[in-house]
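*Asks:* Residue numbers (our numbering), protein chains in the order written: chain E, 1 to 461; chain Z, 462 to 667.
Just to be clear, a hint being listed does not mean it is correct.
Once the Cα atoms are required to be at most 25 Å apart in a straight line, the calculated DMTMM-like pairs of lysine to aspartate or glutamate come out as [claimed, not checked]:
1) Lys482(Z) to Glu53(E)
2) Lys280(E) to Asp622(Z)
3) Lys132(E) to Asp556(Z)
4) Lys57(E) to Glu486(Z)
5) Lys482(Z) to Glu71(E)
Hints in this document: simulated from the structure, not taken from any laboratory. Everything numeric in this text was worked out from a predicted model, so none of it was measured.
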Amino acid sequence: MDNANQVDPAKSAELFILHDQVHEPMHDRFLWATMQRRDAEAAAIPEWEELREIASKIKEHTLTHLDHYLEAFEANATKRGAHVHWALDAAEHNEIVFSILKDHGVEEMIKSKSMLQEECQMTPFLQSRGIKVIESDLGERIQQLDGQPPSHIVFPAIHKTRKDVAELFARSVGTDPNNDDPHFLTEVMRNNARPRFLAAGAGMTGGNFAVAETGTFMVCTNEGNADIGASVPPLHIASIGIEKLVPRVEDLGVFLRLLSRSAEGTPLTQYSSHFTGPRKGGELHIVLVDNGRSRRLGMPDFWHSLKCIRCGACMNTCPVYRRSGGLAYGATYSGPIGVILDPTFDEFKYSELPFHSTLCGSCTDVCPVKIDISDQIFKWRRVMAKKGYLPLAKRLSFAVSGHVLGHPEEYHAMEKVAEPAIDYAPHFLLYNRSLNPWGRDRELPQIVKQTFREWYLANRS
Amino acid sequence: MSTFKFSREVILGTIRANVPKQQVEHPQIPVFQHPDRPLKSEFERRLQQAGGASHDVGTMAGAESKLMTLHPGAKVICSAVPEIAGTRRVEKVRDPHELADVDVGIVRARFGVAETGAIWLTQEDLVVDALAVLSQHLIVLLDPDQIVGDMHDAYRRVRLDETSYGCFMMGPSATADVEATLVHGAQGARSLNIFFLPPHSAPPAN
Ligand code: SF4
Chain E
1 MDNANQVDPA
11 KSAELFILHD
21 QVHEPMHDRF
31 LWATMQRRDA
41 EAAAIPEWEE
51 LREIASKIKE
61 HTLTHLDHYL
71 EAFEANATKR
81 GAHVHWALDA
91 AEHNEIVFSI
101 LKDHGVEEMI
111 KSKSMLQEEC
121 QMTPFLQSRG
131 IKVIESDLGE
141 RIQQLDGQPP
151 SHIVFPAIHK
161 TRKDVAELFA
171 RSVGTDPNND
181 DPHFLTEVMR
191 NNARPRFLAA
201 GAGMTGGNFA
211 VAETGTFMVC
221 TNEGNADIGA
231 SVPPLHIASI
241 GIEKLVPRVE
251 DLGVFLRLLS
261 RSAEGTPLTQ
271 YSSHFTGPRK
281 GGELHIVLVD
291 NGRSRRLGMP
301 DFWHSLKCIR
311 CGACMNTCPV
321 YRRSGGLAYG
331 ATYSGPIGVI
341 LDPTFDEFKY
351 SELPFHSTLC
361 GSCTDVCPVK
371 IDISDQIFKW
381 RRVMAKKGYL
391 PLAKRLSFAV
401 SGHVLGHPEE
411 YHAMEKVAEP
421 AIDYAPHFLL
431 YNRSLNPWGR
441 DRELPQIVKQ
451 TFREWYLANR
461 S
Chain Z
462 MSTFKFSREV
472 ILGTIRANVP
482 KQQVEHPQIP
492 VFQHPDRPLK
502 SEFERRLQQA
512 GGASHDVGTM
522 AGAESKLMTL
532 HPGAKVICSA
542 VPEIAGTRRV
552 EKVRDPHELA
562 DVDVGIVRAR
572 FGVAETGAIW
582 LTQEDLVVDA
592 LAVLSQHLIV
602 LLDPDQIVGD
612 MHDAYRRVRL
622 DETSYGCFMM
632 GPSATADVEA
642 TLVHGAQGAR
652 SLNIFFLPPH
662 SAPPAN
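Working from the sequences, and respecting the hints, build out all of it.
*Replies:* Here is the structure:
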């Protein structure tokens, strides 16, 4: 890991923007529309802000009693007949999964979307050991066929046009390259996946929440693909990060009301599925994965990132993410949440990410569990500055900080650090688009009383 | 089975060493009052937004004829409810793979949720979990008096300690993974029709 190459997100973002006149504007438009749906759903719930506060507190409570709740979860899941495994890191996770599959003679496995399994690089590991792994989520399958990681934690292929997908399917499964109707393309993959669900020796899922009091874990999907993987093959393996715990069943009411509204602007995902022990006639294995999380719990400035429920709202609202595309971050997690998570895996490799932000604070404003995302991004800049990982000099010329708008107090903190590189906004945002609030920086000082997000919502035509 | 016996202790030990000093209390979850909530109409509106539909079928005969109107070509109708016989009883199914050819699955939901238009289905209702997702189309019977207000009410009703599988299903399977265009019938059911019908007290049809 030490000699891994430093990721250069601004350069990749420039390529995304300059590539053509289609991809970046489309990406921006789709995610902005998602954000508007989120805003409408949130506004329709009078107790929305109260729910965010409660969700934040439940997560903080759980994380400050995490050992207790993990043991309770293990005991209750075991009592219900699940096999619970503990994995210190990605390598152990992958070994455990492989040994379960090998013990059951599984040659083909079908999986639903799991960012944790992405984080562990599980699929290439299993494939190198001769196990065929099929992604069943449509977006993940598109990315798998294209040999790319997901570019968004909720919409894995959101950076691709329908034409891209039609051409990809033509190459990989032999369909008509000129038929780019999303209904047709979805149907193609439905028919392609069905026989594989039926043939698979095991189904794998992630887990959105794990309930200590019952030993239940929950999976949210729109396609129902996790449910097929869990209910058809005889063996179900779920990978769950140790931070996914909540104490009680009633807590799920709070999180489910927030999750899909924040993620997609819908009241729920189409399927919110609860697994408590194996199904009748089936076998269930749960792998609890640490992979740096217990260490992160001890980082006073950053442990709140463990509250994340992976809704992607911070990405959809982020002007830098929307214009960069997720692949520009060169990491499992992209967008604002990626900026604060990725450096905990490899500080040098991801040292540029904290500078790939305007510190506008919009992410913090929308986060359903109230993570102080933009403050953490700023603190990561300090960490990088102290280590001497400065943003590449060629991009230091433009120094406007959206952050100052919403957080004037932070401005003074920035001055104290006395490091010019920290007060810095990505240069690439100036490229080729009319819709560019960062080009209007002279107007900004008058609107300090609004949060940046309010200003942005009012000014984006 | 795991070769990493000590990882559990290492993980829990690291957590104990690192857990933030300031411990936070579990917050109270208040009851959010929404007086005079029109439960059935809100449920129906939300269900429609999620791509589902609902029908006041009135009687068992009404349910049978609605089923035929909605799915005239259906060959395999697998039923988990006493009210509708179908062509196959799910109680007879030994292995979920046997459900691969089901055109229409029929199940009764314990309750619905007005806030979301979702229905709650459990292993006991489905008999074989896969009926919920392998059926090309789903018909769900629901007692119109069994609709709760919001997801908090819903979680007061579910008993996760009594079922190995429970699902809030909100409309049919969907995806928006190609250019953010909404398409129904991604992997699970292509359509979801709710029949409002109180439970029938007669013995099951099998
Ligand atoms: S940081 Fe907050 S907004 Fe971003 S993905 Fe996590 S929960 Fe969602």
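*Asks:* For which of the previously enumerated hints does the structure constitute a violation, in increasing order of number?
*Replies:* Nothing - there is no hint that the structure violates, so all of them hold.
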